[in-house]
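Got chain A sorted already, so can you dock chain B onto it with the hints?
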Amino acid sequence: MKLLEFTINQINQGLKRKEFSALELCREYFDNIRDKDKKISSFLSTNEESALSQAKEIDSSIAKGEEIDQLTGVPCAIKDNILIEGLKCTAGSKILENYIAPYDATVIKKLKEQKAVMLGKTNLDEFAMGASTENSAFGPTRNPHDLTRVPGGSSGGSAAAVAANLSCYSLGSDTGGSIRLPASFCGVVGLKPTYGAVSRYGLIAFASSLDQIGPIAKTVEDCQIVFNAIKGKDEMDSTSVDLIPHSRTPFPDKASKHKFQISNLRIGVPKEYFVKGIDPEVEKIIKGAIKKYEKAGARVEEVSLPNTKYANPAYYIISPSEASANLARFDGIKYGYSEKGNQDLLDVYLKSRGKGFGPEVKRRIMLGTYALSSGYYEAYYLRAQKVRNLIKNDFEKVFKKVDVLMAPVSPFLPFKIGERMEDPLSMYLVDIYTVSINLAGLPALSLPIGKVGNLPVGLQIIGRPFEEEVILETGNFFEKS
Amino acid sequence: MISKEEVQHIAKLARLGISEKETEKFQKELSSILDYVEELKKADISNIEAISHPFKIENVVREDKTSKEKLNGQKLMAMAPETEKGYVKVKSILK
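Those protein sequence lines, which keep their order, are chains A and B. Numbered according to my numbering, the first sequence spans residues 1 to 481. Numbered according to my numbering, the second sequence spans residues 1 to 95.
Just chain A, with the same shape it has in the complex:
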């Protein structure tokens, strides 16, 4: 049982010292998946045969005394909107139910280079649209801490799998909170990298100016290891960039960035994130965590992001608009679900898309098409893009005064399955503290810091663009203390 609780470094050490084999480890994970995942439903498909044979190969290379990488033999789970060559990739949608990925996403290629063992593909809201994983065409995932509740979304399967020890770490994607929210609801660590830090090649696109792939893991250190493995410029994604090493205040010693000093850290607490609507118990735990940093010597000050109230409305114009364009490719002609119309080509489109997409995806395509349609473009889309700039400027201003921002990930605790499915707007409000980070392209960490009863609460640590190291070190401090 203990093997399943090991972190990446513990696995790496254990494999090197031959305390256990990659095969044993891999088998143990699949046993646990068989045992527990019937109730949780975090996986949409597993990859047992090839994972086991890969583990065997790793063992024989270790036996030969070959060097192994940090992620070699470490079992992981991949959100089912990220392509792994030769495996099904459904995006949680009926329209891609039988789609076989023809190539590897760049992040997968990078993990494969380190010989990571991929256990399977995890459940998600259809096309990553949702905050609860209830929008999956293949049924909801359940929260391992309370099976009557949602795991958050859209990377709910990825977060639940790590929380239930069904995978050592996982990859998710975050367009408006889809890594951070499920990490928070499941009590695990999730990192949404800066826009451009990780290549999106091979990620099924939802909203291209907001989407980022990132890690979900048990510890901050594990998130850091996986992030370092997948980041970097990629010629297949023109928006990806190489991270520039920084030399900002919390790292006074430029030569050694690991000399992170909490006494040099300036924390901003945006007052707009602590207003009516937040669960008082969540607020108490968040404030308690911030206090802990203050006691350790960090400087804490209240800051203002005056345009916060516009973030969610702007997000619900921009993301559906981009989605309506991105999802135009699913036409029933080239691949995916196809309903043979009996009339003409238009009939094929209407029927394939009408039957292939679920209710939330249709709703967003409709909303995006409306916002981009003639006569409404300026009133909705153009206005939202200007508001996006206002929000970005708010962050730029406060980041002149502070190094990180701390806020809740969600105003609520994990809610009951079905509770918010009737009214789409009530589901959209779950994202209220996470979407502005995507609009501004910033990195943010979701860190488990406490519980109300058995339900986890996550702290959101937001950083300047490309300062993942700062938010990770900040999170690391809490975890270690």
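Treat the hints with care, as some may be off.
[To be verified] A few chain A residues that don't get close to chain B, going by computed Cβ distances all over 10 Å: (1) Q114; (2) G232; (3) G288; (4) K291; (5) S304; (6) R353; (7) A440.
[To be verified] Derived DSSO-like pairs: lysine-lysine, alpha-carbon spacing no greater than 30 Å straight-line: (8) A:K386 / B:K85; (9) A:K355 / B:K91; (10) B:K65 / A:K112; (11) B:K41 / A:K276; (12) A:K397 / B:K42; (13) A:K271 / B:K25; (14) A:K386 / B:K91; (15) A:K94 / B:K56; (16) B:K42 / A:K386; (17) A:K340 / B:K25; (18) A:K94 / B:K25; (19) A:K334 / B:K41; (20) A:K94 / B:K42; (21) A:K334 / B:K91; (22) B:K85 / A:K334; (23) B:K42 / A:K334; (24) A:K109 / B:K91; (25) B:K85 / A:K340; (26) A:K309 / B:K56.
I should point out that these hints are in silico values taken from the structure, not numbers from a laboratory. Values in this document were obtained by computation on a predicted structure and should not be read as measured data. A virtual CB, placed ideally from N, CA and C, is assigned to each residue, including glycine.
Below, chain B alone, put in the same frame as chain A:
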């Protein structure tokens, strides 16, 4: 509230076949979401430019050569619902 005709018009633009029941549902749901985003009208956008990405994006160019790793064309063709003589088959466009 947006009209039934508007919903049907948008659905056609989006190439979504929707039922009568869905039309009514979208009428209500889209109206309430549009009411919610009305909030944006209060924002002062008089002196700000629109942005489409969080950071400045530059065009990236490359030589016009095929990549080393060629995707297997047959694999892609095999995923098309209907093919004929190595072509993807579609229904007639013109009547």
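Each hint tested on the structure:
With a least CB separation of 19 Å from chain B, A:Q114 remains clear of the 10 Å interface cut-off, as annotated. Residue placement check: A:G232 keeps its beta carbon more than 10 Å from all beta carbons of chain B (closest about 15 Å). No Cβ of chain B comes within 10 Å of the Cβ of A:G288; the nearest lies about 32 Å off, and the non-interface call holds. For A:K291, the requirement that its beta carbon stay farther than 10 Å from each beta carbon of chain B is met, with the minimum near 31 Å.
Even its closest Cβ contact with chain B, about 15 Å, leaves A:S304 beyond 10 Å, as expected for a residue assigned away from the interface. With a closest Cβ-Cβ approach of about 5 Å to chain B, A:R353 is found to fall inside the 10 Å limit, against its non-interface label. Not every CB of chain B lies more than 10 Å from the CB of A:A440, the least distance being 6 Å, so the non-interface label is violated. A distance of roughly 50 Å separates the Cα atoms of A:K386 and B:K85; the hinted pair therefore is violated under the 30 Å criterion.
Proximity of A:K355 to B:K91 is assessed by CA-CA distance (about 18 Å); at most 30 Å being required, the pair is judged to hold. A threshold of 30 Å between alpha carbons decides the hint, and for B:K65 with A:K112 the separation of about 26 Å falls inside it, so the pair holds. About 22 Å separates the Cα atoms of B:K41 and A:K276, which keeps this hinted pair within 30 Å; it holds. A hinted pair counts as satisfied when its Cα atoms are at most 30 Å apart, and A:K397 with B:K42 qualifies at roughly 21 Å.
For a cut-off of 30 Å, the pair hint linking A:K271 to B:K25 is broken: about 37 Å separates their Cα positions. Between A:K386 and B:K91 the CA atoms are separated by roughly 42 Å; this puts the pair beyond 30 Å, and the hint is violated. Of the supplied pair hints, the one linking A:K94 and B:K56 is violated, its CA atoms being roughly 36 Å apart against a limit of 30 Å. A threshold of 30 Å between alpha carbons decides the hint, and for B:K42 with A:K386 the separation of about 12 Å falls inside it, so the pair holds.
About 26 Å separates the Cα atoms of A:K340 and B:K25, which keeps this hinted pair within 30 Å; it holds. Distance hint between A:K94 and B:K25 is fulfilled; the C-alpha atoms sit about 21 Å from each other, no more than 30 Å. Restraint check for A:K334 and B:K41: not satisfied, since their Cα atoms lie roughly 41 Å apart, outside the 30 Å limit. Annotation: proposed proximity of A:K94 to B:K42 is violated, straight-line Cα distance about 39 Å (limit 30 Å).
Note on A:K334 and B:K91: the hinted pairing holds, with a Cα-Cα distance of about 13 Å set against a maximum of 30 Å. Our distance criterion of 30 Å between C-alpha atoms is met by B:K85 and A:K334, whose separation comes to about 15 Å. Restraint check: the Cα-Cα separation between B:K42 and A:K334 comes to about 44 Å, which exceeds 30 Å; the hinted pair is violated. Distance restraint check for A:K109 and B:K91: the Cα-Cα separation of roughly 37 Å exceeds the 30 Å cut-off, and the hinted pair is therefore not satisfied.
At most 30 Å may separate the alpha-carbon atoms for a hinted pair to count; B:K85 and A:K340 meet this at roughly 19 Å. Proposed proximity of A:K309 and B:K56 is supported: the alpha carbons are some 25 Å apart, at most 30 Å.
The structure does not agree with the numbered hints 6, 7, 8, 13, 14, 15, 19, 20, 23, 24 stated previously, though it agrees with the rest.
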